[in-house]
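Q: The whole structure should be built from the sequences, with the hints applied where relevant.
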Amino acid sequence: MTTALVDAVGDRPLPLAVTATAEHVVVRANPAARNLVGDVVGRPIRAALPHPALLAALDAAYHRGDPGVVPLPAPDVVVGCLPVADGVLLLLAPADAPPDLRRRTAALHRLAAELASAANPQAIAFLVSTTAARLLGADACGVYSRTDAGALTTLHSSGWPAATAGRFTRVELRRGRPLSDAVLDGTPVWLEDAAQWRSRYPEMAPVGTSGGFQATACLPLRVRDRDLGAVVFSFLTPRPFRSDEREYLLATAALCAQALDRVRLLAAEQAARAAAERQLDRMTFLARASRLMEAPLSVEERLQRLANLAVPDFSDWCAVHLVRGDRVDEVAVAHADPAKVAFVARLQERYPPDPTAPGSAIEVSRTGRPAFFPEIPDALLVDAAVDEEHLRLIRSIGLRSAVVVPLLVRGRSLGTLTLVHAESGQRFDEVDLAFTAQLAGVAAVALDNARLYEEQRRIAQTLQDALLPAVLPDVPGVRVAARYRPQTDHLAGLHVGGDLYDVVAGDTPGTWGVVVADVCGKGPEAAARTALIRHTLRAEVGHGHGPAEVLRRLNRAMLREPGGSPLRFATAAHGRLHVDGDGATVTMASAGHPPPLVRRGGTVEAVTAPGTLLGVYPDIELTETTVRLDRGDMMVLYTDGVTEARGVNGLYGNDRLATLVATTPSPTADTLADTLLADVVGFQQGRLHDDVALLILEAMP
Amino acid sequence: MTADHTVEVVLTGELDIASAEDALRRVAEAERAAPSLLVIDLSRLTFVDSSGVRVVLVADDHARAAGRRLAIRLGRGPALRVFTALGLVDRFEVLPARDGPAPDRA
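Taken in sequence, the protein lines are chains A and B. Going by the numbering used here, the first residue of the first sequence is number 1, and it counts up by one from there. Going by the numbering used here, the first residue of the second sequence is number 1001, and it counts up by one from there.
By construction, these hints were calculated from the structure, which means they are not laboratory data. Nothing false has been slipped in among the hints.
Here are the in silico distance ranges between beta carbons for each label pair: (1) B/1066 to A/462: 37 to 43 Å; (2) B/1064 to A/448: 45 to 51 Å; (3) A/448 to B/1025: 33 to 39 Å; (4) A/559 to B/1025: 22 to 28 Å; (5) A/671 to B/1036: 54 to 60 Å.
Here a beta-carbon is modelled for each residue, glycine too, at the ideal position from N, C-alpha and C.
A: Here you go:
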């Protein structure tokens, strides 16, 4: 375009040059320009005009699109630097140029400056068709943008009869018409008077000359290969369009094209930046949602927080529904205004949602197919409404656009995530739909994990329940208290402990078997071994064997068990309790187990009965010790989760336990059990490194 | 104490459920050297519980199967206390701690 411009001006008086690249290499210069600055074509402009101010103005025009005017001392010229498509158009006005030429050059500079600050295509078109047309002496002007391949749309026009202007609001591009030819060929069409109109464009001449118009210039607006449209200047008097006038018109068109291209790029850049920011927002949001889904909260709390996170940045409303058996429940709903949440809750109470409505959360939950409503037409509300009052209420919510996506895991729908735009007036698009599906994926996986975790916890709980007695038997004459606390895991609740306590009726009235045992190891194998110990003990106690014999039989049973290994040994303290009128006598045996303590008033003694642990050696050594529990005396059986507990103060130890048992003021079996458990839990700051089991026998006072 | 066919594994720090796996790996490494005598030094442990005892029981199991001697050092601290409580002291060849006399086995 600018090349054509310089070609068109040839050797006419207004000196023009064009530079390209950041080095401002002169690519064209007309003879008038060459007369002023010498033949610099092919070389950087600084070779001819080594002025820092000029180079700065060229940089500003080339890099930022800012036009500028620089007066130079030698040669004595004023240089206008106007950004154009491929580089910079230099208008060189000699100091001795005629006043008219200087005035027009200055006006062109001003126009360039105004165009450079115009914010949108309409403002540019307005400047061109008013200011520029006046400078050029044009009586009418229209600026057209190329909106699609086959047509132009008017950005602004002035000066034509209303009928003519109306006809050109939208211009179909068709060969054989001056404006179309200029656009399609990328070359100007000059019509100097009505006669030229009639001879070259006979079909269009009645329109082109209506209102007394004579001359017309149709100038394409192009920047590199970008076809931006065209500008048309019309004159009521014939114009010869000599070179100097063409220069001026073409320079004006070049400035217009440059300005249009600038705002187009700006708009594209802003749109791209806005899209990138929206995408970044979405990614940040997804990351936050993912973290939220791992929070140690109930499923409902997590989903409610997720919904709260979504409003109002991503939607006005957010709701989550979950499939529960044959029902679909709304488990979370969020809106920035709690009053609106309450309003919808009342509405749904009064008008329960239709489970069969297409696109409803219930229907999407069941089908697993998303529903997308870019627009919610009023007709949809009319269809959904049960009666006039219902319609009035749902209209008042102002629903505009909605996305309902299923929470899918391994092809199964767990529920739905619903996003709704209402009072913000926004619409969801395809990108929003994809984003919502991603968000639903995050929620669904978290839900699935929670479900699996809950299942494992339930299995662990069931196993654990099977290992410990649900209730201890009522032992006449003796109060019994037991406590059990599993090791604290980061997967709390998944752990099946290896500690065991039990109280079993013996073979004769008044005799009981008591036991506290600890199986080394955790998990299902330890649980199986714990169950073996419990059931073997129950059977052997029932047969009337003494405690050492019961433990021997238990040891043999453990060794018989397939898969027995030293990894699964156990310790046990087992006593045979004989209750009489004044208390009880206990015969104890211990297979490597910490010795029970007996409290008598304020003193404590350990009941030692050395013995070998269970499940490793076929020949175990066991001893029996008998102790008397008078009324009010207590025996404390425990696992090493108590004495081997470690806290910031080191090892819990036998002494601390013995001291606490001795000094706890006037305890009962129950209160002593509570005191001991609280102390050992507190010692470890609430985080147990191992299971703790306690069994306390108190001869009734 | 170390002879040509003796390998000694010295365990330090705390031997509990958290460190037992690591100790088992170290013992297994020592076993691969096929020593005629494997010594596990527990005397320097500041803590040992029943899951730590597993390490020695497993090594003992392997030693019997391989026809190899296993000996342990218990010292006078936590290891001795736990092995005594479990009735295990008499079931092992107990060597004196390196920096002290042999443990009292009464």
